[in-house]
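Participant: Residues per chain are reported as follows:
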Amino acid sequence: MIKLLTFNRERCTGARECERTCAQTWFKTPAVECSSIRIREVEGGFRATFCIQCGECIAVCPANALYRDKQGIVRVRKADCVGCMSCVGFCPYAAMFYDPQEAVPFKCVSCGQCVKTCPAQALAMTEAPDATQVEALSGI
Amino acid sequence: MTDKITRHVLAEFPYQRSPVERGYTNQTLYINVSDYTIAARPVTDFMKEKFIGGRGFDLWLLWNAVKDTTRWNDPENEVVISPGPCSGVTQYPGSGKSIVATISPTTHVVTDCNVGGHFGPQLKFAGWDALELQGIADRDVIVVIDGPAGKVTIEELPEAPTDTHLLGAWLTEALAETPEDRYVISTVTTGTGAEHTLIGCLNFSLFDRKRNDIRYKQAARGGPGTVFRHKRIKAVVVIGFPVKGTSVAPADPERLARVGAKMQREVHEYDPKQNRMRNRGTPYLVHIMNAYDLLPVHNFKFGAHPDHVKIMADVWEARFTQGLPDGCWYGCTLACAHAVDGFELRTGPYQGQRVIVDGPEYETVGALGSDCGIFDPDAILELNFYCDTYGIDTISFGNLTAFVMECYEAGILNLERTGGLDLHFGNAAAALELLHQMGRGEGFGLIAGQGVRRMKQIFAEEYGADPAFLWDIGVEVKGMEQSMYMSKESLAQQGGYALTNKGPQHDEAWLIFMDQVNNQIPTFEDKAEALHYFPMWRTWFGLCGFCKLLWNDVIPPSNKYSQEPAKIPEHVANYVEVFSAVTGREVTKEDLIRMSEAVYNFQRVFNWRLGGGSRKDDIPPYRAVGPVTKEEYESRQERYDKQLRELVGVDPTSLTTEEKMAALRQYREGRYQQLMDAVYKRRGWTPNALPTLEKLHELGIDLPEVVEVVKRYL
Chain G
1 MIKLLTFNRE RCTGARECER TCAQTWFKTP AVECSSIRIR EVEGGFRATF
51 CIQCGECIAV CPANALYRDK QGIVRVRKAD CVGCMSCVGF CPYAAMFYDP
101 QEAVPFKCVS CGQCVKTCPA QALAMTEAPD ATQVEALSGI
Chain Y
1001 MTDKITRHVL AEFPYQRSPV ERGYTNQTLY INVSDYTIAA RPVTDFMKEK
1051 FIGGRGFDLW LLWNAVKDTT RWNDPENEVV ISPGPCSGVT QYPGSGKSIV
1101 ATISPTTHVV TDCNVGGHFG PQLKFAGWDA LELQGIADRD VIVVIDGPAG
1151 KVTIEELPEA PTDTHLLGAW LTEALAETPE DRYVISTVTT GTGAEHTLIG
1201 CLNFSLFDRK RNDIRYKQAA RGGPGTVFRH KRIKAVVVIG FPVKGTSVAP
1251 ADPERLARVG AKMQREVHEY DPKQNRMRNR GTPYLVHIMN AYDLLPVHNF
1301 KFGAHPDHVK IMADVWEARF TQGLPDGCWY GCTLACAHAV DGFELRTGPY
1351 QGQRVIVDGP EYETVGALGS DCGIFDPDAI LELNFYCDTY GIDTISFGNL
1401 TAFVMECYEA GILNLERTGG LDLHFGNAAA ALELLHQMGR GEGFGLIAGQ
1451 GVRRMKQIFA EEYGADPAFL WDIGVEVKGM EQSMYMSKES LAQQGGYALT
1501 NKGPQHDEAW LIFMDQVNNQ IPTFEDKAEA LHYFPMWRTW FGLCGFCKLL
1551 WNDVIPPSNK YSQEPAKIPE HVANYVEVFS AVTGREVTKE DLIRMSEAVY
1601 NFQRVFNWRL GGGSRKDDIP PYRAVGPVTK EEYESRQERY DKQLRELVGV
1651 DPTSLTTEEK MAALRQYREG RYQQLMDAVY KRRGWTPNAL PTLEKLHELG
1701 IDLPEVVEVV KRYL
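Sequence lines, in order, name chains G and Y.
Under the working numbering, the first residue of the first sequence is numbered 1, with each subsequent residue one higher.
Under the working numbering, the first residue of the second sequence is numbered 1001, with each subsequent residue one higher.
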């Protein structure tokens, strides 16, 4: 079982607290460009973009810099990353983001910090056997 | 990592690594293997302004190294390798090329090759914008450029094997202290075939981290491997540095990352719906070429064959290992550099070994396959592997084998003359044996390995063959064997091949669909404009270190609504962005063409300086223009008869096939002469293909030594 982030679009109010929390947690900045979760407004509500740990990027990486850890989370091994943007372009959910200065990708690693600060309880951590559950649960 | 080898260092040159700044290291490395001179030379602002890098740097350095009388096998001839300022970029796919130039043993003018692999980028990261290899050693030597240690050595390694698949692995294992070191090592090698033929290629290695093995890409056209081995250089090795997105130190990394991410997304979205290069590589073209009568069959006699289905894309898709990031440099998600893993060799010195076969590419399938009438994928793979490891150009080998097969069937050759090789079209075993003879330096392989042009002379002089017939059927221009597209029905492509600087390679212009299929360039002026723009545009990839495929082998759907869809304007704009972001030199799309035009004209003058370059050197053989034999004419009689009626104004009804062939030939050859006039005029050249002083002045390339050469011929 993998501990995965899930999103309930019925509850999201677009407060974007998750974006700020994520950016602050990992990059010590509130800038949304540094967040691994992005909220976008669509007709009738909001949608979230974040990594669901499907792992399709692992095969695309020419430098073996992407791997799945023991908890089942897909991670970037920065020391091996060649900054090629392959994973950014080939993520089926456009959920691989990058630091444009260093050309190093970053992504959601299911840390759960955003869950704690969401004022609408739209985010949750869920135990699931694989990523397909997140896709279904989150309407991604 | 293996038991360490003993390294006999013959010369050592310590150096201070020049950091990469905006794509350049601002110095080049000069090595003379005759007297062991090793030196660092500065890259001037003039070089960057006028020659940009890559092929431009190659040509400038070579120009300064040779004399007017230099031949390919003179010590002063060089093999020059330069990556170009954008080579080593990882964010934008297709940005890791090296460009090789040398005076060719088959054309006797400059040849240039655009090649993948990790050598060029790592050469740059090790501190060098270009590498000049001059001189002829008195023993076999290996050059090691060790970036982390800051030294260049010329070494004698007597135990080193020669053939690439052994030597590349041997050197990489020997020089890597840790498994990770293998990632930053790249070798340039060739093989025993390059020692015995004039069609030798160079193999540029890359360490494939997914396969945990070494792979190779080829700089093959015009015999650079032959020059390399003649210098008694067995290998050049670079030990570079771990690659990062910032390794080329771009002026504007954010801008570079933005355009790179956009292009990666585009490959992801559209390649599966368009060419599916990621699954099939360039062999996706086999079926298309066959459908349009463009796939060379039996030495370019015909453009289609029912058996093409045995060597078309789905066959290769099933053989290529799927799901691997098969780019020849990091970040190339178009990933055309596919491979067949675990292929068991059935013949030759490595019989029984299981090997990786890099490829085959479309050109190799056409050359080793359909052009020779060989429709057996296993035979093509075997030929492909041995060509690579022996250091032999697959295109030239396939083309010349098809030529000797036609000569064999025409009675010019026989079993006695070939030393027992039954060289009928389709005899894969004979083709393989011919290749092994080149590897061993034996028999008829020594004659064939001299290339089509030289064979024409030999067959006429020694076997009494009709020189006119040989000239017609030998598909070479300037001495280089033509690559694998039928140009009979496209006048523009006849020019695209024959009006080139180095010889008939499609990397200058591929105009068949624009011309023959879509009829977008109907007039001579239209064709001349295309034969100006596209060679200049494609030259630019070689100045900067780019691959051409990312320009037009995946296309945004909106392209069809653009004003000039053939130019793929959105992708041209991408390249403007990448070049500006890397170098900090703000350019427009027009600037890119001007950059190429200066270098292209310089190369044409260089050809004149070496004794080539004139109108007579731009004439294609008639096999590339029209039907040489009755068999060819009659195979497409309806098409040719219609052309006689509608284009030539001749009623074919009462004519014999020979009379019809003569009328068609007169018409087609006349049209080609008119095309030459139009193209030379558009390019700013004299009717004899010499760049004018006015043109050189306009391009800012009117250097005294260049003007001096032109004035000799005005």
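Because the hints were derived from the structure by calculation, they are not lab data.
Where hints are given, some of them may not hold.
Far from chain G, some chain Y residues (derived; all Cβ distances over 10 angstroms) [claimed, not checked]:
#: 1; residue: D1045
#: 2; residue: G1331
#: 3; residue: T1333
#: 4; residue: G1419
#: 5; residue: G1443
The following label-pair restraints were derived from C-beta to C-beta distances [claimed, not checked]:
#: 6; chain 1: G; residue 1: T25; chain 2: Y; residue 2: E1156; range: 50 to 60 angstroms
#: 7; chain 1: G; residue 1: R9; chain 2: Y; residue 2: R1255; range: 29 to 39 angstroms
#: 8; chain 1: G; residue 1: V32; chain 2: Y; residue 2: E1012; range: 52 to 62 angstroms
#: 9; chain 1: G; residue 1: R9; chain 2: Y; residue 2: K1560; range: 52 to 62 angstroms
#: 10; chain 1: Y; residue 1: E1156; chain 2: G; residue 2: C111; range: 54 to 64 angstroms
#: 11; chain 1: G; residue 1: R9; chain 2: Y; residue 2: P1242; range: 40 to 50 angstroms
#: 12; chain 1: G; residue 1: R77; chain 2: Y; residue 2: P1565; range: 33 to 43 angstroms
#: 13; chain 1: Y; residue 1: R1440; chain 2: G; residue 2: K70; range: 31 to 41 angstroms
#: 14; chain 1: G; residue 1: R77; chain 2: Y; residue 2: R1255; range: 20 to 30 angstroms
#: 15; chain 1: G; residue 1: R9; chain 2: Y; residue 2: R1594; range: 52 to 62 angstroms
#: 16; chain 1: G; residue 1: V32; chain 2: Y; residue 2: G1342; range: 28 to 38 angstroms
#: 17; chain 1: Y; residue 1: T1686; chain 2: G; residue 2: R77; range: 57 to 67 angstroms
All values derive from a computational prediction rather than experimental measurement.
Beta carbons are placed, not taken as given, at the ideal position from N, Cα and C, and that holds for glycine.
Participant: Indicate, hint by hint, whether the structure satisfies it.
Facilitator: Taking the hints in turn, this is what the structure says about them:
Taking the minimum C-beta to C-beta distance to chain G, about 28 angstroms, the non-interface status of Y:D1045 holds against the 10 angstroms cut. The non-interface label for Y:G1331 is inconsistent with chain G: the shortest C-beta to C-beta separation is roughly 3 angstroms, within 10 angstroms. At the 10 angstroms boundary, the C-beta of Y:T1333 falls inside the reach of chain G, the nearest C-beta of that chain being 5 angstroms off. Annotated as non-interface, Y:G1419 keeps its C-beta farther than 10 angstroms from every C-beta of chain G; the closest such distance is 46 angstroms.
With a cut of 10 angstroms on Cβ distances, Y:G1443 stays outside the contact zone with chain G, its closest approach being about 43 angstroms. Checked against the hint of 50 to 60 angstroms, the pair G:T25 and Y:E1156 passes, with Cβ atoms roughly 58 angstroms apart. The given range of 29 to 39 angstroms is respected by G:R9 and Y:R1255, whose C-beta atoms sit roughly 34 angstroms from each other. Distance hint for G:V32 and Y:E1012: a CB-CB separation of about 54 angstroms, consistent with the stated range 52 to 62 angstroms.
Distance hint for G:R9 and Y:K1560: a CB-CB separation of about 37 angstroms, inconsistent with the stated range 52 to 62 angstroms. The hint said 54 to 64 angstroms for the Cβ distance between Y:E1156 and G:C111, and at roughly 57 angstroms that hint holds. Remark: the range hint 40 to 50 angstroms for G:R9 to Y:P1242 is upheld by a beta-carbon distance near 42 angstroms. Distance hint check: the CB atoms of G:R77 and Y:P1565 are about 42 angstroms apart, consistent with the given range 33 to 43 angstroms.
A C-beta distance of roughly 54 angstroms is found between Y:R1440 and G:K70, which places it outside the suggested range of 31 to 41 angstroms. Hint check: G:R77 to Y:R1255, Cβ distance near 26 angstroms, so the stated range 20 to 30 angstroms holds. Against the hinted window of 52 to 62 angstroms, the Cβ-Cβ separation of G:R9 and Y:R1594 comes to about 53 angstroms, which satisfies the hint. Checked against the hint of 28 to 38 angstroms, the C-beta distance between G:V32 and Y:G1342 comes to roughly 48 angstroms, which is inconsistent with it.
For Y:T1686 paired with G:R77, a C-beta distance near 60 angstroms keeps the hint of 57 to 67 angstroms intact.
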